[in-house]
Amino acid sequence: MADIGKVRIRIPSSIKPGEVVQVRTLVIHPMERIERDREGRIIPKTYNYINKVIVTYLGKTIVTFDTTQSVSENPFFSFAFKATDPGPLRVEFLDTTGGRYEGAVDITFA
Amino acid sequence: MKIAVRASRTMTRRTMLGTLGVIALAAASGTLTPPRRAGAQPLGLNESLDEAMTRVFGSRSIKDGGSLIKLDIPLIAENGAVVPVSVRVDSPMTPTSYVKHIYVVADKNRIPVVTRVTLTPAAGQAFMGANIRLGETGDVRAIVEQSDGTLWQVKREVKVTVGGCGG
Amino acid sequence: MRRLSALPSLALGALVLGCAVMARQTPEDAGMLTWTSRALPEARGDFRVLPDGRREAIRYKGWPTRDFSAFRTYDYDDPRPEPVVERVTMPAGLKGDPTKGRALFLDRAKGPCSGCHLVPGADVWPAGNVGPDLSTLGDRGLPDPYLYQLVWDPRVVFPDTAMPPWGRNGVFTSEEVAHLLAYLQTLRGPLPPETDPDRNPLTRKKPVGFGDNLDPTNNPAVLLAEDAQAPWEQKGPAGRACADCHPGGPERAMRSVATRYPKHVRIYGRVMSLEDFLEAHGPETTGRPYPAESADNLTMTMRIKMASNGLAVALDTSSPEARAAIARGRATFYRKVGARNHSCADCHTSDKGAKKFLGGRLLADVSDGLTRHFPTWRTDRGEVWDLRKRFQWCMTPLGTNMLAADAVEYAELELYLTTFDRGKPLNVPGIRH
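Protein chains in written order, with the numbering used here: chain A, 1 to 110; chain B, 1001 to 1167; chain C, 2001 to 2433.
In case anyone wonders, no lab produced these hints; they're calculated from the structure.
Quick caveat, the model's predicted, so the values are computed rather than measured.
Hints should not be assumed to be uniformly reliable.
Claimed, not checked - A partial selection of chain A residues facing chain C, derived with a Cβ cut-off under 7 Å: (1) Asp3; (2) Arg24; (3) Leu26.
All C-beta atoms in this analysis are idealised placements derived from N, C-alpha and C, irrespective of residue type, glycine included.
Please work from the sequences and hints to get the whole structure.
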């Protein structure tokens, strides 16, 4: 898929200092499922799926998701953070084949 | 290669989101880094629910979190491939009292453990959401580990539907 | 009228397109055009012959490949009438087994009968209600021969039914029908109190959908549509890009264009959706191929339609070409096809299946407008589908061979369906189950 690793992040349009904000994020990723052979045995191979999502704000990790193949294709995650200061909010997605995808959004106060 | 990622275009986003009342600003970048050294064992294994619960929580007792945890998930999933779930836990999220982990477990999945969310007080709110896969009708549980080490859970049955016309 | 319009474009087509356009052979359609498909090979409805002589359908990856050529299709050139009603008498001495009958009733490889009819049992999930609840059918004392006929070919009793002629068209054998009867006759009241309101489609909660179409953190298709930007701006092999003739970016250049499709396009002599037009116009101008069902065609279609989001569908329904095409599209909508002898109308009109459950799916009502969110993200497929692929997928359970994605028949059906969307805003890409 040519679009693998595209990341989108959504935050509210206006954020006040100190506000707890919910964030939505999506990454284009196949999240490969387990395949089985004709006898029903799991085909052993490195399945490509995102197994870690790391959210950092102002350089500090605030939330992480450890994830499995029970998460949907093109996974969507949401989480909260307390917007204390202006600065970058980063979401980093790591997959089992070494892929790393990142989205970032600048938190500013109106 | 995992580097087929372009900087995202933002020119259309405002129009697309015009009705949403929010803006989205996102940049995407892709780099190739060596795989992280995983722990001894991945979080998700092809196992039974009992095996998963024992592996992850050992013999620790899990209390009824009905008054603490709000698990939001459709009771009927139109499609098991994408089931939106969110968990909200009543917690002050202070350094002395916060929610450390939220687990989502799908009892009937071949890989029952869906995700383990690790939170810090900086999250401000014990909240998580994700789209998950459900192989068949069954319970989905949210298990919460507080900073004092106590475990709490709630569960709800989700029915997975299919179309009616065979084929 | 269509004869008049077709002839000049035939000449033009011969010049511009080589053999892509040719005249139809049947006298009543003389002057109508046959469109040689430019779709992806797996989207053309073609077949291959296997070494053992069997025909196997060439289909999208993972789709069934069975050949249903014994049954009527939507092809304008398929002259076969609806199969005649078959009156049967139940073979003497035929005795069914209720256990086998129940398994057949629920077998997803057959009906499943439970897709339309509720019966008792916690394992009956998800039952539909397009047909009557059969939970106490045995109490009605209906004679076996009557029920046998009803399953074999219900049109003897109900000429306008949506129920397939299961025996007549060979889906169930004589023995299997007997098993079904044996099971149905065991269904007696009084029923125990229902412990699960979702089991019954009449009391089941309605599906909640999949959220906001246009939220890029909700609908992956929004992100995929961005892929159209490169072919829009980059020159194709013919030395031109879309942007060269349509300046101002797709938002401005294509604003409101999609509201007028499908429409009759004079130079091609046929009704075209945006997808159809793109697969002809794109390569002719830029040299870049845009075959129907290709990623480029789908993403460019989404991009162009998104430029009309919020604008009302504004079809031409009054020109003679449009009126004739809408009439043909309507006939297709009501045409019975395939092993199940179904029409689109059986599922999507309010006097039949619309707004009822077919298994776990709530059937849409044509009068609400079914087209203005296409192309749409299919969450269970992880793919973008345009309306044509949706049509083609419908062909599978109907038991009829699909036509090419860019077939004129589908274009005119799409035009008819889109008439119900007139005045309603486009909202592309959709997101569905």
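Taking the hints in turn, this is what the structure says about them:
no., hint, verdict
1, Asp3, "holds (6 Å)"
2, Arg24, "holds (4 Å)"
3, Leu26, "holds (4 Å)"
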